[in-house]
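Place chain A on chain H using the hints.
In order, the protein sequences belong to chains H and A.
Residue numbering for the first sequence follows this note's numbering, starting at 1 and increasing by one per position.
Residue numbering for the second sequence follows this note's numbering, starting at 1 and increasing by one per position.
Simulated from the structure, these hints should not be mistaken for lab results.
Careful: at least some of the hints might be erroneous.
Stated by the list, open to error - Some chain H residues judged to face chain A by a derived CB distance under 10 Å, without partners named: (1) A12; (2) C19; (3) L30; (4) L35; (5) L44; (6) K48; (7) C74; (8) W78.
As the list claims (entries may be wrong) - Simulated coverage check for chain A against chain H, where a stretch passes if three residues somewhere in it have a Cβ under 8 Å from a Cβ of chain H: (9) 21-31; (10) 103-112.
Glycine included, each C-beta is placed from N, C-alpha and C at the ideal position.
Residues per chain are reported as follows:
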Amino acid sequence: MGTNKFQETIKACSTCLMCRHACTVGNVTLNDSNLPRGKALLLLALQKGLLDWDERAVDVIYQCTNCHLCREWCPPGWDIAPLMVAARAEIVDAGLTPQSALRIKQNFDNYGNPYGESHTQLHEWIKELSRPKDPEVLYFVGSTILYRRSEIAKSAVTIFEHCGTRFTILDDEPDCGEMLYVLGFQKEARLLAQNTIDAIQSSGVSIVVSSDPNCIETFRHGYRQWGIDVPDNIQFLHISEFLANAIDSGILKITHPLDHVVTYHDPCSLGREMKIYDAPREVLSSIPGLRMREMRLNREHSLCCGNGGGVPATFPEIANGAGENAGTLILETGADVLVTSCPSCQQSLRKHVPGMDVMDLTVLVAKALATRL
Amino acid sequence: MSHRLTSYQIDIVMSELIDIVGQEDVSAAKVDQLTYAVDHYWVPEMWVDRGLEPILPDFVVHPETPEEVSRILQLANTYRIPVIPWGGGSGSQGGTLPLFGGITLDLKKLNKLIDIDEKSYTITAQSGINGQHLEWAANQKGMTVGHYPASQRASTLGGWLAPRGSGTLSTKYGKAEDIVMSLQVVLPTGEIIRTLPTPNHATGPSLLQLFVGSEGTLGVITEATMRADPLPEERRFRSFLFSSLSEGLEAGRRIMTARIRPMVMRLYDEVSTVKQVERVLGIKAQGSYMVVGFDGFNEFVDLEESKVIDICSALGANDLGSEAGWKWWNHRYDFYYPPRLKSLPRMFGTTDTVCTYSNIEKLYQAKKEVIENKYREWNAYYLAHFSHWYPWGVMVYDQFVIDQPPENAHQALLLHNQIWADAARASMANGGVLNEHHGIGVKLGWLMKEQYGPAWKAMQAIKDALDPNGIMNPGKLGFALR
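Chain H extracted, bound-state conformation (with noise of 0.2 Å):
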């Protein structure tokens, strides 16, 4: 059983709640249950025989946004999500799953990706891009900016063509399977990600680039551990590495001012997960007439924006709730732009800073470069 690799978390975090503080989901639940000790604590309940599973207890395990806040906080670095991830298989093999997630799982099935929606407008924009043979880069858009930011892979596009990138886009990309894999159903997700390496690896690309940072990660680090072979002959970048990249080597230069007074929102998994901290900090500082004010929690310790973990599907008022959270900070700051580098991020906080515009790195960037969206 895939919690039983969990052993040592189960008991060290069953004990302790040091981390009360910075619980995503215990911070807008304020229910003790909620803390990754609670969780380890039912985890440890099951084992001994003091609980079954039941409604409430599969609940507790899918309320988790899988920030890894907890683990930042806790000096010797002890982690609740990933024993979450694998609770939630346990439960999913167990026919227990929330229906929440089972309506996830279903609109994978019916129409591959989380959203239930056949192709938008993008997917025809991208149809029409003019695409080398022998590309370079591909950028992979993810379904979240397929189907919700589109603005987002425009800009991807203009910075490409601005930098003069043999860039590609895939044509009916499949989903990255992180969303499926969270929710527990790590079979389906397997499958899934197998399609999309082996399309990913047809394109003859070396470097795929993305604006969101959860497809990034989840190509770098999640496909190994789920078992699925990666080329090490690809590099998966986020778009906040490439810019700073040709930032860095003179091929990207931008001139254009903007007038903004700036914060930042570190992405659980750009930053935590990934820890690319300074690389999008170094593309705001390149642009001209920018002025930055870092929230007063930052980078490791920057808050959850509260569509991690497929909460905002299963729990949708406790994403709300941590999103609130965040944009209280945010608001702190003074700033009129709220950037962040991560889709989710944004689907989450543009609705939580009243007076403050959000936009993506990306398009922030593309905006500076003053050509067209």
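Positioned in the frame of chain H, the structure of chain A alone reads:
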């Protein structure tokens, strides 16, 4: 007060609780009952570890206002249901165990920051506010609450006050009972009251201090105003190595009686110096290690540090400089995270107490002797450091540890209680008290009559007057059941 509700009564009470707080804020689910049956007390953790079900509450309720708390207490009086206030659940004395079932009242939804008075340096917040969040709010205004318990991130404001807790810097900034200005409390019969707006006055006995330390037995603390201090201009550390504990204790006494005000002094006995300091801080040390911290204006820090260096040098201490002290400060909570946190299957307890300087050495020796000699067959060992200093005395933060206690839970509990009684009685016999800053809870309640002697009658009379039906946290603090 020792009966459990029938299943029909549970449904009735559930209906009434939902009526008060809403469906989302009441639970009788096993998961939640289990979560709130285990705080940081060794006993329920041991029960779970041994596969035994801890004592569960019937309901876990999350009120959002003092008015909801009042209605819940009135309901509890009607049905004679126990009510157990719960803040962070980080207490080590079993103060939140639902010994007779009932309603565990999680106060964390009463978490509003109400006011920061920047002129008077006071902060008012509801009692369920997280300790770290409160401190951050103070920091944004250039202030500190000055209360840094190891549990700061886990505990709540109410949880600091209920057991008269202490923080790492209490030597300078005071314990919870020194920092609190006033309270809002819901009495056991439901009245919502406030204590006087200032802690110092000549307006009768202190109602404020009646509730501070009451551990949920005399009412529910719903709001508190705390004194704050300016964030210091500078913090500085210095550490010393004495040849023995005696010299270290004498140094501490001279420092405090000279009315020097270090923000912290931590003096480790010889065993702790080797076991903890060397292992955790990587400093090889034999003897008795002390770290002293100073904060405030640069000039004050310079002066206090130089006076302390003089005192310690006169007692033959090696001056280890400042680096080791900073290392301790930056890792001071490392001891509280697993795997460094003592954990099962070990049996352990912090038998802290406080006494005057005249008594401290003999108290320490008496406790060390009883733990190590009487419990030799269990290979019990005793560690101590002295971490909270007063103008008149010092507290000893001492622990007993048994690496391999009995596997049988009942035998383990009997051994546990026996050691605790011996340690506590050694404290009381040598001018100390049952506890200095962790509280009494259920663990030490049965020794309270012995501690207070004839004065216990007054304590019980207060309890009976305020809580005639005995609903508030029954079985705690040693109060008789009603």
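### Message
At least three residues with a C-beta closer than 8 Å to a C-beta of chain H: is that true for the region 103-112 of chain A?
### Response
holds (count 4)
### Message
Restraint: W78/H near chain A, CB-CB cut 10 Å. Satisfied or not?
### Response
This interface hint holds because 7 Å falls under the 10 Å limit.
### Task
Please verify that hint: C74/H, Cβ, nearest Cβ of chain A, below 10 Å or not.
With a minimum Cβ separation of about 6 Å from chain A (threshold 10 Å), the hint on C74/H holds.
### Task
Report holds or violated for chain H covering the region 21-31 of chain A, Cβ cut-off 8 Å, minimum 3 residues.
holds (count 4)
### Message
Using the nearest Cβ pair, does L30/H come within less than 10 Å of chain A?
### Response
4 Å, holds
### Message
For the restraint on L35/H, tell me whether the closest CB of chain A is nearer than 10 Å.
### Response
This interface hint holds because 8 Å falls under the 10 Å limit.
### Query
Under the criterion of a CB-CB separation shorter than 10 Å, is K48/H in contact with chain A as hinted?
Hint holds; K48/H Cβ to chain A Cβ min 4 Å, cut 10 Å.
#### Entry: Hint validity - C19/H Cβ closer than 10 Å to any chain A Cβ
7 Å, holds
#### Entry: When the least beta-carbon distance from A12/H to chain A is tested against 10 Å, hint result
4 Å, holds
### Query
Should the interface hint for L44/H be scored as holding, given a Cβ-Cβ cut-off of 10 Å against chain A?
It holds, given that the least Cβ distance between L44/H and chain A is near 6 Å, below 10 Å.
Checked against the numbered hints listed earlier, the structure breaks none of them; every hint is satisfied.
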